[in-house]
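Kindly generate the complete structure, drawing on both the sequences and the hints.
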Amino acid sequence: IGKDNVFEDCGDMLTVTQPNDNLNWVQELPAPTLPDSVAPLPDGMPTGFTEGELTGRQYILVDEWGPYDFQSPSVWLRNVEGDTYTFLLLGPKEGNWKAVGGEGWRKVNPVSGRFPATLICNKKADAELLTLDFEFIGQEFTDRFGRVNPRGRVFPFHFQSFEKHLTWRVKWYNYDDDTDPLVNYEAFRKLNSTTPIATEEKTDLYYAWWGSPAKGVHADRFATFAETEFDIAAGDYKVILTSDDGVRLYLDGKLILDHWDIHEPATDEVPVQLDGRHHLLIEHFEGGGFGTLDFRVEPDFHPSRH
Numbered sequence: 001i002g003k004d005n006v007f008e009d010c011g012d013m014l015t016v017t018q019p020n021d022n023l024n025w026v027q028e029l030p031a032p033t034l035p036d037s038v039a040p041l042p043d044g045m046p047t048g049f050t051e052g053e054l055t056g057r058q059y060i061l062v063d064e065w066g067p068y069d070f071q072s073p074s075v076w077l078r079n080v081e082g083d084t085y086t087f088l089l090l091g092p093k094e095g096n097w098k099a100v101g102g103e104g105w106r107k108v109n110p111v112s113g114r115f116p117a118t119l120i121c122n123k124k125a126d127a128e129l130l131t132l133d134f135e136f137i138g139q140e141f142t143d144r145f146g147r148v149n150p151r152g153r154v155f156p157f158h159f160q161s162f163e164k165h166l167t168w169r170v171k172w173y174n175y176d177d178d179t180d181p182l183v184n185y186e187a188f189r190k191l192n193s194t195t196p197i198a199t200e201e202k203t204d205l206y207y208a209w210w211g212s213p214a215k216g217v218h219a220d221r222f223a224t225f226a227e228t229e230f231d232i233a234a235g236d237y238k239v240i241l242t243s244d245d246g247v248r249l250y251l252d253g254k255l256i257l258d259h260w261d262i263h264e265p266a267t268d269e270v271p272v273q274l275d276g277r278h279h280l281l282i283e284h285f286e287g288g289g290f291g292t293l294d295f296r297v298e299p300d301f302h303p304s305r306h
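Under my numbering, the first residue of the sequence shown carries the number 1, and numbering increases by one thereafter.
Estimated spans, in silico, between C-beta atoms of each pair:
#1 H218 / R106: 43 to 53 Å
#2 N122 / H218: 40 to 50 Å
#3 K190 / G216: 13 to 23 Å
#4 N192 / E64: 30 to 40 Å
#5 S112 / E64: 19 to 29 Å
#6 L41 / K254: 49 to 59 Å
#7 V111 / D43: 33 to 43 Å
#8 E200 / G235: 24 to 34 Å
Calculated from the structure, these hints are not laboratory results. Yeah, the Cβ is synthetic: ideal placement off N, Cα and C, and Gly gets one too.
Laid out in C-alpha cells, this is it:
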C-alpha cells in the first residue's frame with residue numbers, strides 16, 4: 001500500500017438471513033433436466049465412422065469443390081518422385097474401375113480394379129499435359145452435388161494437370177513519390193530499364209512477402225518486373241494471376257490483364273489462344289503490408305467431372 005493510502009472506514013457487512021450449513025448452491029439452482037439421449041435430426045448427416053471406413057490424416061482430402069465425401073469415384077495425386085507419379089483411387093466399395101485413356105504417360109499400372117487402389121504412372125520425358133480417364137461400374141451412389149448415379153451406369157472420372165515450367169527473369173526496385181505507380185505510371189514503368197536493386201531467376205513464379213523480397217529492397221513500396229519467353233503447343237489456355245497489390249500483364253506487348261490498384265490478394269483469369277513462341281511481362285507494385293505474386297498457365301480444361 002502506498003504511503004498516501006489510509007484506511008478510514010468499512011461499509012455495511014453482508015449478512016445471510018438463512019443458515020447455509022450443508023447447502024449445495026449448484027444443486028439448488030433451478031435448471032431443466034437433460035434427457036439421457038437425443039434422437040438424431042431426420043435430415044441430419046451421420047458423423048460417426050462405419051466399420052472398415054478409411055480414417056486418418058492421409059484421408060482428409062479436399063479439392064476445389066470442398067472436402068471429399070468418399071461416395072463417388074475420384075483420383076488423387078499423392079506423390080511425385082522423378083517421373084513416377086503415385087495416385088490414390090477412391091470410391092464405392094461395390095464395383096470396378098478401369099483406365100480407359102490418358103495422355104503423357106509411358107506406363108500405367110494397374111489398369112483396373114476395386115476401390116481403394118494405388119496407381120503408379122511413369123511420365124514421358126517431355127510431357128507437359130498429363131491426363132488420366134477412368135470409368136466406374138457398380139453400386140448406386142449419390143455424389144456431393146446430390147446427383148444420383150444408378151447401379152450399373154458407367155460413371156466417368158478424370159485427372160488432369162499441366163506442367164509447363166517457364167523460366168522467369170525477376171527484377172526489384174524501390175519506388176518513391178516521383179515514380180508512384182498510381183500517380184506517375186510512365187515514370188514507374190521506366191524503372192524496368194534501369195539497374196535493379198535485386199534480381200532472381202525462377203522456374204515457377206510464386207511469391208508471398210511479409211517483408212522485403214530481397215536485400216536492399218524496402219518492405220513496402222517496391223516494384224517487381226518479371227519477364228519470360230516460352231514455346232507452347234497451339235490451343236486454348238487461361239492465364240491465372242494472383243496479386244497484392246497492383247498488377248498488369250502483357251502478352252507479346254499487348255495488355256491483357258489490368259488490376260492496377262491497392263487490393264488484398266485477388267486472383268484474375270484471362271482466356272488466351274497460344275501457339276508457338278510468346279513473351280510475357282508482368283508489372284507489379286506493393287504498396288504496404290502483405291504482398292503476393294503468383295502466375296500460372298494451363299489449358300482451358302472443361303470443368304472437373306469427378
